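If you read the protein sequences in the order shown, they are chains A and B.
Our numbering applies: residue 22 is where the first sequence begins, and numbers increase by one.
Our numbering applies: residue 12 is where the second sequence begins, and numbers increase by one.
Since the hints were derived computationally from the structure, they do not count as laboratory data.
This structure is a prediction, so every number in the text was calculated from the model and none was measured.
Glycine included, each C-beta is placed from N, C-alpha and C at the ideal position.
Everything hinted at is true.
To be clear about the criterion: a stretch of chain B counts as covered by chain A if any three or more of its residues have a C-beta under 8 Å from a C-beta of chain A, and this derived list gives those stretches:
#, segment
1, 59-70
2, 186-199
3, 429-440
Listing some non-contacts, in silico: residues in chain A with all C-beta distances to chain B over 10 Å:
#, residue
4, Ala-94
5, Gly-96
6, Ile-139
7, Leu-158
8, Leu-169
9, Tyr-173
10, Ala-185
11, Ile-187
12, Leu-188
13, Gln-189
14, Gly-190
15, Ile-191
16, Leu-192
Negatives, chain B to chain A, calculated, CB over 10 Å:
#, residue
17, Thr-133
18, Val-142
19, Ile-151
20, Asp-216
21, Gly-248
22, His-299
23, Glu-301
24, Tyr-350
25, Gly-351
26, Ile-352
27, Glu-353
28, Pro-363
29, Leu-456
30, Val-493
31, Arg-506
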Amino acid sequence: MTDHRPSVMTGVRDRAQFGLCTALGLLGVFVLVDASRIGAASSSNDPIGPRPVPILLGVLLVVVAVLYAVDVARGGRGEEEAGEDVDLSTRADWKTIVMLAAAFVLNALLIQPLGWVISGSVLFWGSAFALGNRHHLRGLAIGIALSLATFYAFAIGLGVNLPAGILQGIL
Amino acid sequence: MDNLNHLLTGFGDVLTPLNLALALLGVTVGTGVGVLPGIGPAMTVALLLPITYGMHPTQAMILFAGIFYGGMYGGSTTSILLNTPGESSSVVTAIEGNKMAKAGRAAQALATSAIGSFIAGTIGTMLIVLVMPQVVKFAISLGAPEYFAIILVAFTGVTAVLGSSRLRGFAALLVGLTISIVGIDFVTGQQRLTMGIPQLADGIDVVVVAVGIFAVGEALWVAAHLRHKAAEVIPVGQPWMGRSDWRRSWKPWLRGTVLGFPFGAIPAGGAEIPTVLSYMTEKKLSKHPEEFGKGAIEGVAGPEAANNASAAGTLVPMLALGLPTNATAAIMLAALQGYGIEPGPLLLTKEPRLVWALIASLFIGNTLLLVLNLPLAPAWAKLLQIPRPYLYAGILFFASMGAYAVNAQPFDLFLLLALGLLGFAMRRFGLPVLPLIVGVILGRLAERTGRQSLQLSGGDLSGLLGGPVSWVAYGVVVLVLVWPLLAKALVRTRRSEAAA
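Only chain A is shown next, with the shape it has when bound in the complex (with noise of 0.2 Å):
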């Protein structure tokens, strides 16, 4: 809902929507230097080449960008998404995020030494942790139990690409 009261009736505006502007901004103008790099390749059967589209795309983030920002200076709001489990009258949880990243990135620079079995483990485990779990035995026999089944469920029984690793002639 783009809410049009006064910033001096709501007190704190929503600064942090300048960011988002600011990131639109500098996709557009990432968006038109890549363009210019580009070279005009037109040709008779392809009269525009490959460079009007992003020009076009690029100008129209700048421009959404900076009436983004207008919007937002003159007290416009976006609604945050609710949910069954979500609670908006708190403040956002940044340690949360920052271990589910991390447990992400491990999962990402593990599978292919280790393998899915124990980067999913570690993942779900790590996951589950940084989300408040604090039954580790459980939360890593949950995950263990899981990497395995959908090991066997997928790579095995369906063909799906998910790398053995190092338990390559284990599993």
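Assemble chain B onto chain A, guided by the hints.
The following block gives chain B in isolation, referenced to the frame of chain A:
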């Protein structure tokens, strides 16, 4: 008659023991995952994509049909028993459904929702059989300029009709379009926005985008605002309805179906509008208007039917034109593309067995759902009590698995995290998710048809204008865009008239 034969062939393809087992698996897993709090139908389909990777496309479609209706039904169970729905389409169901549950009528609310969904889904699927081939007949005659114009209608529809802020919708659409052009240009072979990263040369996989935005983004968003006291789940027994419940439900089911189907078929926000319309209609027509707001069964029966009928309606543009009008259809299209099947007007001609098998399995899945859900509701309700750390850890686990399995490269996992953070930001700032996904899916097609049209005209912009179909389409685009200004002007003139 011809369609009926095709449909019978479709049933023949589906009615093998293995395929029936897949349909059963689809509805069971779809409902189970859909019931989980925080997981709506779109995310259900996105998370369950990897199950289908190793399968034949027809089998994958059979499974999807089950997941599709199962996920929808699961979502309404959650909103009846938990009250705070995640989907905009089940918001209306929650209004009366949760009141009914609190008043000890959870069994009846679930029953009217299950039977209403079945009826609406069955009628809706029959309408697909009737309408879809006609739309294909019309669509197959369309040239590139017309197709381009229709895609623009879809873009405007999902951005401007839906949601509260058009500006935020357009921002999301533009980001999606930008994601779609990453990779090698299909005509000239030039790299665009790849930053020299070889893994980006083939473009960003739509499945990775869908899983990142829907699953990872949602999990991160919930994680940042996790409710520490879990919401209260209302216990429920076997769903059933008394005679008066039936009497009060059957008309709302039919009216909901009539409202839902056409709205699903046009790009105007899927189930949001028809469920609200159905609720208002039932409130007006009810013999017990005083019960509305306190748990009127009509207020569950109508919107639930509208919800399911609109889900069926979305399959018409999806199968006939390759246009997604809601998030779930968008992800199913992504899945089709993953099989190397190009959605669009030629789909029915090129892959008739696949399409008809999908439609046949919609009928079967819908029936299985009814048989399964009436006795299993108490078991589903137990799923609502799953500890949240395990639930969201599980979502991240399956999301990573699915995204990795697309191309078997760890790079996609980093991409997934980046897209998840984008999804987080969009939820934080109230940017709608659907325009982004539609932009990613249709971006390349829009560019290709646009460029083809200009090729026909030798680069002259008039090539985009095409024939009468595209004129109408552009007219719709302009009307949708100008509408708020027009409405404002109308209000102003009326006010000044009143003042005068």
